[in-house]
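Engineer: Spelled out from the first residue to the last, the chains are:
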Amino acid sequence: MSAGNPTTANRISPPTDFPVTWPRPTDEELHWTRDREHMPDPITPMFYSAAAAMAIACRQRVAAAYDEAIVQRYDILIHHYIYTALVPFQGPPDELAARARRNREKVSAVALRLREVWEEEWRPALEAQWAFWAAFDLEGADGPALRAHLEESIVRGARLYELHYRMGPPLWLAIDEFETLYCDLFPGQTRLDAHRLLQGFDNKTLEAGRALWRLRDRALSWPRVARALVETPAGAVGGVLAAFPEGIHFLAELRAYLSTYGRRSSLWDWGYPSWEDDPTPVINNLKNYLGQADRDLEAELRAAAAEREAAVEEARAALGGYPGPVVERFERWLDAAQAALVLTENHTYYIDFNGFGWIHRVVREFGKRLAAAGRLDTPDDVFYLTLDELRALSEDPHHDHRVDAAARRAELARWAQVDEPWELGTRPAEALYLYSPDARRILRYVGGRAAEAPAPPPGDGVLHGQAGSSGKVRGPARLIRSLAESHRLQPGDVLVTETTAPPWTPLFLTAAAVVTDAGGMLSHGAVVSREYHIPAVVGTQQATALIRDGQWVEVDGDRGMVRLLAA
Amino acid sequence: MISWLEAPDCQDPAHVGGKAASLARLAAAYPVPAAFCLAAMEGTTLSPALRMELVEAYARLGARCGADPLPVAVRSSAVDEDGDAVSFAGQHESYLNVVGAEAVVQAVERCLVSARSARAREYRRAHGLRPEARVAVLVQQLVRSDVSAVVFSVDPRTGACAHIVINAAWGLGESLVGGTVTPDLYLVRRADLAVISRQVADKAVMTVLGTAGTREVAVPRLMRREPALDDAQAAALADLARSLEAYAGRPVDLECAYARGRPYLLQCRPITTLDRGPAV
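Chains H and L are the protein sequences, given in the same order.
Position in the first sequence (first residue = 1) + 399 = our numbering.
Position in the second sequence (first residue = 1) + 97 = our numbering.
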């Protein structure tokens with residue numbers, strides 16, 4: 400393994416607009432890659448520093464508990480982008496093999512009990528954390544109480560991370576085992592076909608989608624409200640609606656929606672504004688929905704479930720003459736994978752988004768007070784400080800944090816314009832196919848550059864990615880870089896974006912298809928596209944670079960291809 | 098003309114042929130799948146009366162085994178087959194996973210026809226037997242085998258008798274007996290039925306039941322290197338072999354199956370190819 404013995408021939412030269420100064424000379428010998436699925440944008444200082452405080456120890460603890468083969472994961476910030484290096488476990492082959500076996504046993508043991516573990520351990524633990532935050536009166540707390548609450552929140556945030564790391568491996572194993580078993584039993588079928596037996600179970604993402612569609616129906620019941628939503632720019636909608644009674648009723652319903660589903664930012668970096676802070680993404684979705692025909696989302700979910708049951712029955716009938724042990728394994732992993740797929744969506748609701756959304760709220764409360772005291776220009780500037788700077792604020796009353804916040808905002812805005820490289824450092828001599836089957840699964844399901852070379856430019860105007868959701872559709876591409884501009888998406892458009900997260904999935908009720916740069920088959924973009932029966936191609940690496948806004952494309956979800964049609 | 102396996106007349110090889118008679122003798126004391134036999138006859142077609150008897154017997158067999166329609170194996174059993182000196186193995190037709198009365202009738206008639214085939218006649222001539230056989234047909238419950246095993250009551254490679262040798266694989270016996278799968282190998286000590294050696298193979302294929310007939314399919318990769326038998330099952334099969342060897346008075350080779358946790362004896366033959374080398 401060449402990690403400790405790099406050759407300069409594999410050294411990656413950073414592009415001229417992205418010069419790199421390595422903190423330590425040895426850093427350059429590692430292979431650093433970007434996680435564009437989760438962190439496509441420059442990282443806010445608050446998110447990065449808080450995540451570092453909460454996540455690192457947990458990650459190591461859980462990796463040890465599962466006997467994970469990866470010894471070290473390093474993160475580094477370069478021009479405000481997170482790069483990650485994974486250094487595989489070094490050791491004699493038989494020791495690695497033994498460790499891989501133990502890892503598999505430990506993860507399988509959980510994978511085969513997912514419903515039980517969720518009900519008895521994970522969900523109660525998560526709900527206890529939520530209850531803690533929900534019970535605290537943020538606005539009424541005095542300075543010392545708020546400071547103490549911040550520290551307690553960091554401790555509890557670490558527990559959220561720990562649960563997150565605990566859940567990942569068994570979820571992926573369950574789905575991987577089922578997909579593999581299915582493809583082994585039914586030659587000619589693909590992993591995407593296996594997912595037909597997993598679809599149509601309700602999850603928090605779909606629930607949020609239905610709640611938003613109901614808001615649309617409510618708006619339509621008041622024509623003046625509907626008109627206001629359609630005709631007014633998102634930022635001014637609140638003011639316009641507050642001027643008449645139905646508008647006020649609607650605003651109350653909107654607030655109720657936001658208090659359940661809006662305590663989250665649009666992507667994983669919760670340093671960016673939440674929907675509660677700025678409901679523009681929600682308003683934009685409503686604008687999109689109001690132009691569309693009525694839709695019965697409950698009925699669509701029931702139809703997806705019926706399709707699933709038919710596929711399961713078909714598989715069972717085909718296995719009728721098979722040995723009992725084979726059928727037993729099929730049923731066992733089918734059940735595990737069905738439970739797992741629901742949890743791949745639900746854990747993001749409980750942890751990544753609406754979970755860490757509580758911490759966003761706490762930090763923003765500091766921001767509000769600091770802005771009121773003139774120590775910050777706006778409440779959101781607090782996310783451009785680090786956690787330690789926030790902690791030290793009271794000891795440092797004369798330091799002008801407005802300057803720091805402004806400078807960092809400007810920096811992040813500047814670097815957001817740059818196409819940062821996928822990888823830096825040194826490419827290993829052999830493909831970094833990690834010893835951990837778990838890591839391989841992550842790469843397949845969520846996408847990642849650690850094991851693959853960057854995609855070649857498309858030949859014949861065809862982009863290749865992973866098959867995310869079945870179907871073929873043609874339409875104009877709509878490049879959406881953030882939810883602030885999501886109102887540009889029209890029915891029939893093909894949503895093209897770097898990555899999607901659960902908060903983006905309401906757009907899937909408008910889009911005809913989804914194409915992303917990042918991600919894999921278990922990315923939210925793929926999973927939710929399948930539930931909404933729209934084609935999706937994920938992990939193309941370069942869709943946003945090569946497809947022009949408005950250009951007609953053909954998305955072939957089964958083959959993972961996007962054809963660029965004559966513009 | 099129908100003879101049930103547990104009836105005394107089914108133990109008469111002149112009445113039901115060698116294969117059915119041996120099975121009938123075994124069925125008295127061992128877990129042989131339920132069956133009946135169409136007694137040995139000449140000619141190749143069934144009279145309407147005989148056809149009706151056959152259909153009724155098939156229905157009764159299905160009721161006994163709790164399946165309707167019951168998947169069965171239909172095999173010829175020639176009078177003077179499976180005698181000591183000659184093994185007719187592979188010479189006559191057998192049909193696996195025949196389902197439904199009509200299909201059973203057709204399979205029976207095909208068995209009768211194949212016994213008259215040129216190849217069968219030639220085989221008989223070459224072994225000094227009468228050219229025309231009287232052929233019975235065995236209709237037996239087809240076990241949906243989870244695991245198939247071939248058990249030798251002595252080591253067929255060396256003649257050593259301190260241990261019993263078992264080869265096992267997933268699914269029905271065809272892949273195992275036909276040699277398309279590399280099976281697990283278990284050695285069980287004769288004296289105390291302890292499993293003294295276990296070589297789990299990469300079992301790449303298995304025979305499964307189709308809607309009719311059988312087919313060979315790939316074993317899912319997560320099961321290829323899993324042991325097909327646990328120690329208790331291996332010991333039980335070894336015990337069966339020990340017992341049958343005593344019954345037969347000489348070393349035997351068994352074809353067995355496990356289905357839904359129960360062992361079945363499908364066939365028992367003396368080991369005809371044993372090289373009687375020095376005892377170990």
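No wet-lab data here; the hints were simulated from the structure.
Just so it is clear, the structure is predicted and the values come from calculations on it, not from any experiment.
The beta carbon of each residue, even a glycine, is placed where N, CA and C say it ideally should be.
Don't take every hint at face value.
Just some of the chain H residues that point at chain L, by a computed CB distance under 8 Å [to be verified]:
1) E576
2) T579
3) L584
4) G587
5) Y721
The following label-pair restraints were derived from C-beta to C-beta distances [stated by the list, open to error]:
6) E520/H <-> R318/L: 26 to 32 Å
7) D299/L <-> E697/H: 34 to 40 Å
8) E323/L <-> D616/H: 50 to 56 Å
9) R318/L <-> P543/H: 43 to 49 Å
Partial list, computed: chain H residues near chain L (C-beta under 8 Å) [as the list claims (entries may be wrong)]:
10) V554
11) R555
12) A557
13) P722
14) A771
15) G773
16) L792
17) D795
Engineer: Now tell me, hint by hint, if it's right for this structure.
Structural biologist: Verification of the supplied hints:
1. E576: holds (7 Å)
2. T579: holds (7 Å)
3. L584: holds (6 Å)
4. G587: violated (12 Å)
5. Y721: holds (5 Å)
6. E520/H <-> R318/L: 26 to 32 Å: Holds, at about 31 Å.
7. D299/L <-> E697/H: 34 to 40 Å: violated (48 Å)
8. E323/L <-> D616/H: 50 to 56 Å: At roughly 53 Å between Cβ atoms, D616/H and E323/L fall inside 50 to 56 Å, so the hint holds.
9. R318/L <-> P543/H: 43 to 49 Å: With a Cβ separation near 60 Å, R318/L and P543/H fall outside 43 to 49 Å, so the hint is violated.
10. V554: violated (40 Å)
11. R555: violated (39 Å)
12. A557: Check failed: Cβ of A557/H comes no nearer than 35 Å to chain L, outside 8 Å.
13. P722: Hint holds; P722/H Cβ to chain L Cβ min 4 Å, cut 8 Å.
14. A771: violated (61 Å)
15. G773: Because about 64 Å separates G773/H from the closest Cβ in chain L, which is outside the 8 Å limit, the hint is violated.
16. L792: violated (56 Å)
17. D795: violated (59 Å)
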